[in-house]
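*Asks:* This is what each chain is made of:
There are 2 protein chains.
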Amino acid sequence: MNHRMSDTTSSNGARSRVRGVIPGSRAVSSMQTQQPGSLPEFQVDPYRLIDDDLKDVYDDIRLELVRNTSQEELKTIATYYFDGQGKALRPMVAILMARAINYHKERSDLLASQRQVAMIAEMIHSASLIHDDVIDQSDFRRGKPSVNVLWNHKKVTMAGDFILAIASMMIARLRNDDVTLTLSQVVTDLVQGEFMQLGSKETENERFAHYLTKTYRKTASLIANSAKAVAMLAGADDHLADVAFQYGRNVGLAFQLVDDLLDFVSSSAAMGKPTAADLKLGLATAPVLFACERYPELNPMIMRRFQEPGDVEKAFEFVHKSQGLEQTRFLAKKHCVEAARLAQSLAESPYQKGLLVVSDFVINRMK
Amino acid sequence: MNHRMSDTTSSNGARSRVRGVIPGSRAVSSMQTQQPGSLPEFQVDPYRLIDDDLKDVYDDIRLELVRNTSQEELKTIATYYFDGQGKALRPMVAILMARAINYHKERSDLLASQRQVAMIAEMIHSASLIHDDVIDQSDFRRGKPSVNVLWNHKKVTMAGDFILAIASMMIARLRNDDVTLTLSQVVTDLVQGEFMQLGSKETENERFAHYLTKTYRKTASLIANSAKAVAMLAGADDHLADVAFQYGRNVGLAFQLVDDLLDFVSSSAAMGKPTAADLKLGLATAPVLFACERYPELNPMIMRRFQEPGDVEKAFEFVHKSQGLEQTRFLAKKHCVEAARLAQSLAESPYQKGLLVVSDFVINRMK
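Same order as they appear, the protein sequences are chains L and G.
With the working numbering, letter number 181 in the first sequence gets 183, and the count goes up by one each step, no holes.
With the working numbering, letter number 15 in the second sequence gets 17, and the count goes up by one each step, no holes.
Here chain L stands alone, though its shape is the one from the complex (with noise of 0.2 Å):
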């Protein structure tokens, strides 16, 4: 579990994964059980939905960061990777759950506050991305060198605490204390979740306990609580900021199981890294957990964090002989099948549908 697997993009550019034919039509299919009367629609495609909303996000990051210092190498390596090539998940979230809340309030507009969480949310996934690389001393993320192969660490760690006060400042001129204290959750749980994965020193009962902890906190807090954010800023009650709040924490739970799955099966060129590096940060994500309970050999392991030589070979081919693979999809589709409950819960629009197409997307994507 890191979160460059969250990051990787094909050369064609980030959305071309929902821009094309919507995947795994399937996977939808089982929810539609549970409402049979609304189909979503599987042309809907959340990016072309939200394109005016989406597409100067990242611009408009970029001007905040720049224009709040006057130091020429901050600004650039504050905004290296708000260059468009990631997939821009957390803001797309934010503001089709906006948008979803907004009809089902009968509001109209998005408001532009709103707007202003999509950018925060993913200004603090990019500040944690960049404090990921100079801890894991990684060398490429989005088809491009890393921060710090670039430049010196104090340099990088200094531009990730300097996006992060940037997006402090964001929260703060929002004006809603419920809001600011919703969102400064998120940086406690980030850093906590990152805790957790530098030392664990659980047993084997509390692992996956504690790798769900961990998973919660270094991704799905985020998703979660920017949705939660959204909505209590078009005036949502308890109840359906809570329905915002979980649809997000399904979403991002499913999305790093994804990740953490992914990371034994998709070949290198598609990943833009090589697979099993997790197992190679000595790592025990879900995949090595579930097979772990066929295969109890891979306990010492885990305790180990795979540094004696041929333990990651040993791991890989024991997560591939397992379950764990359909163990942690099938996990996975159950996190999506609760998103997209929760998403039918709102009123029909086309942005509720998009919410929809998002849990489909993020169990059924490939890379």
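Note that these hints are calculated values from the structure, not bench results.
Misleading hints may appear alongside valid ones.
When chains are identical, the list treats them as one kind, so a pair holds in a single copy or across two.
Derived DSS-like pairs: lysine-lysine, alpha-carbon spacing no greater than 25 Å straight-line [what the hints assert, rightly or not]:
#1 77 with 156
#2 156 with 146
#3 57 with 146
#4 146 with 282
#5 282 with 323
#6 323 with 335
#7 156 with 323
#8 57 with 77
#9 323 with 336
Based on these hints, arrange chain G on the given structure of chain L.
*Replies:* For chain G alone, coordinates are given in the frame of chain L:
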């Protein structure tokens, strides 16, 4: 100019400097010429004055950090510097200012929110110390091994981020938009100040302005903005809030100037670290910049950050041969006089007198 100097302490504990006889009444006597009638009471001990407010600040910070994570090691690292051994300058100024402004506004008690600001200020400061430790790779702080000696840099960086994240949540819980904005600015300033220090490429003419901006951002902004925040919480109007801000700004600048000066004159024993540490870190602070006016030979050394053999020793000598130290003290004194003038514009109270004593203490401290 670096934070470490701000936080060395004698073996007798941090507050002995102020709890004893207050030195330097001469320094204040120059201020008295401006308002001869209002003689400050030099026996006022600002720490004793607000002892009840201040005594549990560190315990409360530790409590706040500990209850927000279940990660034992994160708790240990994050609370490491909140051991009550620092001089607590930032919370002290915040609380004194809060009480002085409350008195001025004919309010009585310290507000809970104002005390929170004092805690937040110390937390932001400590987080920046922790990030400094990683960046400077220092071994020793406040008479004990620094965090980066005891834990690896990933964990230390994360612990600093965690403290900042909890501070952000506490800021959000104040539920005062203007205060949130004011305090959000501080981290942006700190990061930029740190960044300016990492890579200064300015020309000779820009150098002093660059140094002062850096000093404001790295040291004075936190003290200024927390003073402003407590004033705002007391319902201060813009003018009064600016008095508080400017007091903090001037005290902060003077404090750092004196720190930079002490780096050239204090013995290793008194500072808890070797002298001329800034030169060794490649930093040209006020004494060097003043010395450079008299000895232009310093220019190339400044440009190469004192990296050639003998540079540190030669620069040290030039500073002592020049008027650099006197000029630095003179500039610091100017800021202290200005701080005192601002404090004197507040209604007379023990706390207002405490603010005067602080400005006196800053210019006259010996370590």
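*Asks:* Against which earlier hints does the structure fall short, listed by number upward?
*Replies:* 7
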